[in-house]
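Dock chain B against the given chain A, drawing on the hints supplied.
Residue numbers (our numbering), protein chains in the order written: chain A, 1 to 176; chain B, 177 to 401.
Incorrect hints may appear among the rest.
[Stated by the list, open to error] Selected chain A positions facing chain B (in silico; Cβ < 10 Å):
1. Ser65
2. Val71
3. Asp107
4. Ser113
5. Phe120
[Said to hold, decoys possible] Taking lysine-lysine and the DSS-like style, the derived pairs with C-alpha atoms no more than 30 Å apart in a straight line are:
6. B:Lys295 / A:Lys28
7. A:Lys158 / B:Lys295
8. A:Lys28 / A:Lys158
9. B:Lys189 / A:Lys28
10. B:Lys189 / A:Lys158
[Said to hold, decoys possible] If you want the footprint, here are the derived chain B segments under chain A, 3+ residues with CB under 8 Å:
11. 274 to 288
12. 291 to 303
13. 391 to 397
Keep in mind the hints are simulated off the structure, nothing from the lab. Glycine included, each C-beta is placed from N, C-alpha and C at the ideal position.
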Amino acid sequence: MHASATMTADARQAFDDLLQQHRGIVFKVANAYARSAEDRDDLAQEIAVQLWRAWPGYDPARRFSTWMYRVALNVGISFLRSDGHRRRHVVPLDDAAHDIADDSAIDHETAESLRMLQRFIATLEPLNRALLLLYLDERSTREMAEVLGISESNVTTKISRLRQRIRDHVAPPGTE
Amino acid sequence: MTMESTMELDELKQAWQSLDRQLQQQKRINLELLTETRLRKAKAGLRWLQALSVGQILVGVVVTVFCARFWSSHMDAPALLLSGIVLHVYGVAMIIAGVMEMLLLVRTDYAAQVITIQKYLNLLRQWRIRTRRWFGLAQWILWIPVILVMLEYWLGFNLWTHSPATVGGCLAVGVTGLLLTLWLMYGSPRALRRRVAGYVDDNSTGALLRRAQATLDEIVRFERE
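If we strip away everything but chain A, and leave its shape as in the complex, we get (with noise of 0.2 Å):
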């Protein structure tokens, strides 16, 4: 927080920039971590002072975006976790997923899509729920290995793990 204060302009606008190009992974991130429209405002405000916060100490030598999933991922699972924030998610998963699929940019076919992979991440445990973000976002098993922390095999173990509860979740009861 202290060396963010002091960054210089063009270091400032170095991180506006890069977080404007990337800013679609806050707010997955915030889909993801949050159900309500207010909670999801919250968490990605919450991520974006976050990665303020980290920013003096990135490595440009290191990709932006496994640093930037780095936090969000971080601050997500924290905010999912945290007692008050858990208390507060009341509303309706149905009316969350229908909120953020609800646009007339997106086919019925794609948001009945995103309505039912909504569902489904809401039933993952918060680092499950982590892995499949970034699975979603075709992310290199390397780099997944590296947000999470965990090796590139156990990844593809819990990938192949969550392809087959993604079939499980969205095979119509009664087939095989």
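Same frame as chain A, now just chain B:
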């Protein structure tokens, strides 16, 4: 079935990417503006919490120094010596707790790997819950050495030598209160415990601790599997 499943997964990825595009296009999103406001609030909140932690450390140092000088000059009076040592230990505990709070506030590096930082946060959370509980319970007994030390320091009056029964009575009240609290927390019937929990701050109950342990177990499982 494999083909269908793969397609479904692909559809989900495509849907996710369309959400990404949608989010990118949303005009109402202005991270910079949001961040500025939030950052100001966060800075103010953090300063306040840091001030509280620094205050706790300073009080701990004062208590430690005062008590060390007190008990070392009352080696011939066992009750005062013991009271001084007990408060000295309490002062050191206050310093340690204050330093840990500071660490939690300023040294949490969210850019670290998710598993590492989540473990760290959870361990600190467990530590914080335990500390608060023990600090709370200690109050049942601590007021007695405080009275003994203050009476001696300000009035030169050694309560123990003048009225050991009074000190014994105080001790009986403190120990009874402590045992009753411990019974209510751990040994009482579940219905009563639940009712009591309604009146007691959530942080002092074992439920938070159990939840924190469950989270830690979940992290370890995720790391291993």
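- Within the assertion that chain A covers the region 274 to 288 of chain B, do at least three residues meet a Cβ-to-Cβ distance smaller than 8 Å? holds (count 5)
- Report holds or violated for the interface hint on A:Ser65, using the least CB-CB distance to chain B and a cut-off of 10 Å. violated, 12 Å
- CA of B:Lys189 to CA of A:Lys158, is that 30 Å or under? Judged against 30 Å, a Cα distance of about 17 Å means the pair holds.
- If you draw a straight line from the CA of B:Lys295 to the CA of A:Lys28, is it 30 Å or shorter? holds, 23 Å
- Query: Does the nearest C-beta of chain B fall within a distance shorter than 10 Å of the C-beta of A:Val71?
  - Reply: holds, 5 Å
- Message: Given the hinted pair A:Lys158 and B:Lys295, is their Cα-Cα distance within 30 Å?
- Response: Between A:Lys158 and B:Lys295 the Cα gap is close to 19 Å, so the pair holds against 30 Å.
- Item | Claimed coverage, the region 391 to 397 of chain B by chain A - three or more beta carbons nearer than 8 Å | holds (count 3)
- Task: Closer than 10 Å between Cβ atoms is the bar; does A:Ser113 clear it against chain B? Give me holds or violated.
- Result: It holds, given that the least Cβ distance between A:Ser113 and chain B is near 4 Å, below 10 Å.
- Interface hint status, A:Phe120 versus chain B (Cβ within 10 Å): It holds, given that the least Cβ distance between A:Phe120 and chain B is near 8 Å, below 10 Å.
- Query: Between B:Lys189 and A:Lys28, is the straight-line Cα distance small enough, at 30 Å or below?
  - Reply: holds, 13 Å
- For the region 291 to 303 of chain B, does the count of residues with a C-beta closer than 8 Å to a C-beta of chain A reach 3? It holds, with 5 qualifying residues against the three required.
- Message: With the threshold set at 30 Å, check whether the alpha-carbon distance from A:Lys28 to A:Lys158 stays at or below it.
- Response: Satisfied, since the Cα-Cα distance of roughly 21 Å is no more than 30 Å.
Of the numbered hints stated above, the single one contradicted by the structure is hint 1.
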